[in-house]
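Undergrad: Quick mapping for you: the protein sequence lines, in order, are chains A and B. Count the first sequence with our numbering and you get residues 71 to 182, in order. Count the second sequence with our numbering and you get residues -7 to 103, in order.
Hints in this document: simulated from the structure, not taken from any laboratory. No residue lacks a Cβ here, since even glycine has one placed at the ideal position from N, Cα and C. Hints should not be assumed to be uniformly reliable.
[Claimed, not checked] Derived Cβ-Cβ restraints for the label pairs, each shown as a range:
hint, chain 1, residue 1, chain 2, residue 2, range
1, B, 32, A, 92, 17 to 23 Å
2, B, 7, A, 130, 42 to 48 Å
3, B, 12, A, 128, 33 to 39 Å
4, B, 7, A, 121, 42 to 48 Å
5, B, 42, A, 90, 32 to 38 Å
6, B, 7, A, 148, 48 to 54 Å
7, A, 94, B, 96, 36 to 42 Å
8, A, 182, B, 32, 23 to 29 Å
9, A, 137, B, 59, 33 to 39 Å
10, A, 94, B, 30, 19 to 25 Å
11, A, 147, B, 54, 20 to 26 Å
12, A, 96, B, 48, 18 to 24 Å
13, B, 88, A, 137, 37 to 43 Å
14, B, 14, A, 137, 34 to 40 Å
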Amino acid sequence: SQQGEEDPQALSIQEGENATMNCSYKTSINNLQWYRQNSGRGLVHLILIRSNEREKHSGRLRVTLDTSKKSSSLLITASRAADTASYFCATDAAGSARQLTFGSGTQLTVLP
Amino acid sequence: NAGVTQTPKFRVLKTGQSMTLLCAQDMNHEYMYWYRQDPGMGLRLIHYSVGEGTTAKGEVPDGYNVSRLKKQNFLLGLESAAPSQTSVYFCASSRPSYEQYFGPGTRLTVT
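Just chain A, with the same shape it has in the complex:
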């Protein structure tokens, strides 16, 4: 079963534009994490936001969390061709013994 579901499944934008990806989940969480995966590579952690936080920033990344709606969004500002990758949200569900459940991802393509 997949706790987090990303939307959209695919997104194509021009370099310099902003990219927004959304994640919805079903149960209470301890934290929600976003990861990036370049083609054929392992996942790289981007941001972790805890259930008592509403917004977090890291460089060009901004993550919001709305626990009442069970949703999160990842905003990448001023996108670059190097941001082309798949982006996954993962939830650490309450009572899950620290297991992460991943969504199926958003494939972002940034066109030069």
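Given the coordinates of chain A, work out where chain B should sit on it, guided by the hints.
TA: Okay, now just chain B, sitting in the frame of chain A:
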């Protein structure tokens, strides 16, 4: 500091053969995980470990076994490989309630 390493990177097995995938981490993390990733999908947890000598089942444990004899190593075994186990396997490690660090993956094909 190598982070998380996986051995081998690629492997082709015939149905019924066995093999072991090795994961090693040098970050002194308590938790380690094995995932599989199939085309167009996110990662699914196979087994995980919260400390040396402990293992637990994840979402898709059938057909796999694991061992964590040393804190830095986590082994994933396939006793009798099946075509349905063709996948990319990722190992990860973490501190409790913190982000996970992933290895580069092992691409396994079972014919």
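Undergrad: Evaluate each hint against the coordinates.
TA: Right, here's what the structure says about each hint:
The beta-carbon spacing between residue 32/B and residue 92/A, approximately 18 Å, falls within the hinted interval of 17 to 23 Å. Range check, residue 7/B to residue 130/A: about 47 Å between beta-carbon atoms, so the 42 to 48 Å window is met. Distance hint for residue 12/B and residue 128/A: a CB-CB separation of about 37 Å, consistent with the stated range 33 to 39 Å. A beta carbon spacing of about 44 Å between residue 7/B and residue 121/A agrees with the range 42 to 48 Å that was offered as a hint.
Take residue 42/B and residue 90/A: their Cβ atoms lie about 35 Å apart, and the range 32 to 38 Å holds. Between residue 7/B and residue 148/A the C-beta distance comes to about 50 Å, which sits within the given range of 48 to 54 Å. The hinted range of 36 to 42 Å is not satisfied by residue 94/A and residue 96/B, whose Cβ atoms lie roughly 30 Å apart. For the pair residue 182/A and residue 32/B, the supplied restraint of 23 to 29 Å holds, since their beta-carbon distance comes to about 25 Å.
About 37 Å separates the C-beta atoms of residue 137/A and residue 59/B, a value consistent with the hinted range of 33 to 39 Å. Taking the beta carbon of each, residue 94/A and residue 30/B are about 22 Å apart, inside 19 to 25 Å as hinted. Remark: the range hint 20 to 26 Å for residue 147/A to residue 54/B is contradicted by a beta-carbon distance near 43 Å. At about 22 Å, the beta-carbon gap between residue 96/A and residue 48/B stays in the expected band of 18 to 24 Å.
The hinted window of 37 to 43 Å between residue 88/B and residue 137/A is violated, with their beta carbons roughly 21 Å apart. A hinted range of 34 to 40 Å holds for the C-beta pair residue 14/B and residue 137/A, which are about 39 Å apart.
Hints 7, 11 and 13 from the list above are not met by this structure, while the remaining hints are.
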